[in-house]
Amino acid sequence: NAGVTQTPKFRVLKTGQSMTLLCAQDMNHEYMYWYRQDPGMGLRLIHYSVGEGTTAKGEVPDGYNVSRLKKQNFLLGLESAAPSQTSVYFCASSDGEERETQYFGPGTRLLVL
Amino acid sequence: KNQVEQSPQSLIILEGKNCTLQCNYTVSPFSNLRWYKQDTGRGPVSLTIMTFSENTKSNGRYTATLDADTKQSSLHITASQLSDSASYICVVSLKMYSGGGADGLTFGKGTHLIIQP
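First to last, the protein sequences are chains A and B. Last residue of the first sequence: 114 in my numbering, with the numbers rising by one and none dropped. Last residue of the second sequence: 181 in my numbering, with the numbers rising by one and none dropped.
Please keep in mind that the hints were generated in silico from the structure rather than gathered at the bench. Accuracy of the hints is not assured; some may be wrong.
Simulated crosslink set (SDA-like; lysine to any residue; CA at most 20 Å straight-line) [as the list claims (entries may be wrong)]:
hint, chain 1, residue 1, chain 2, residue 2
1, B, LYS173, A, VAL89
2, A, LYS15, A, ASN66
3, B, LYS65, A, GLY59
4, B, LYS173, B, PRO72
Sample of chain A residues with no beta-carbon within 12 Å of chain B, all distances over it, derived [to be verified]:
hint, residue
5, ALA83
6, PRO84
7, THR87
Heads up, the beta-carbon is just placed ideally off N, CA and C, and yes, glycines get one too.
Using the sequences and the hints given, assemble the complete structure.
Structural data, given as structure tokens:
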């Protein structure tokens with residue numbers, strides 16, 4: 002039982018390049034989330050999914066796209082990376098509903114030059 | 065605007081000592097409050113979740129309290145250990161009438177705790 006895993010762990014991009022971050026969970030959770038964490042700020046929700054085939058925007062969705070083709074996977078895409086997207090990205094999953102604990106992945110550090 | 069304020073921003077204490085971290089929130093309507101521990105370079109890990117009717121909840125040496133009337137919570141760490149060095153994040157959840165709390169979480173900026181030997 003690996004929990005929530007993220008790949009890659011670290012990536013450097015040039016401005017304008019694209020990439021996809023992969024999140025996988027083996028807990029059969031319905032809900033999955035993508036957050037970004039920047040110095041001096043709390044975690045901010047980018048996009049989330051309440052089930053396979055569904056996605057929704059969070060607080061800071063601009064410049065990102067997501068897909069949930071399989072229940073266990075949640076992909077975060079950057080179509081044209083910008084330096085402002087330099088951040089640590091965390092994926093999380095939960096069993097839905099308000100009281101359920103969110104389980105976080107180890108994070109992906111992204112540097113956009 | 066829903067906000068979560070944590071204090072202090074950072075704290076240094078000696079190993080074996082106790083400490084208390086504070087969280088004030090303006091989130092309404094309130095569903096639950098969570099405390100997470102985040103080690104450097106790792107993802108947050110849940111410590112406690114408390115609903116409106118719960119005043120206190122413990123997890124080992126961690127005890128969280130909640131006063132829903134004053135919208136304040138605290139996390140008390142007893143007999144601190146070097147492994148307690150981390151950021152502690154307070155998260156408050158909105159009560160979602162339509163079901164699902166995916167976009168109803170407000171995160172605090174965290175308190176950075178350092179335990180010195």
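Hints violated by the structure (numbers, ascending): none
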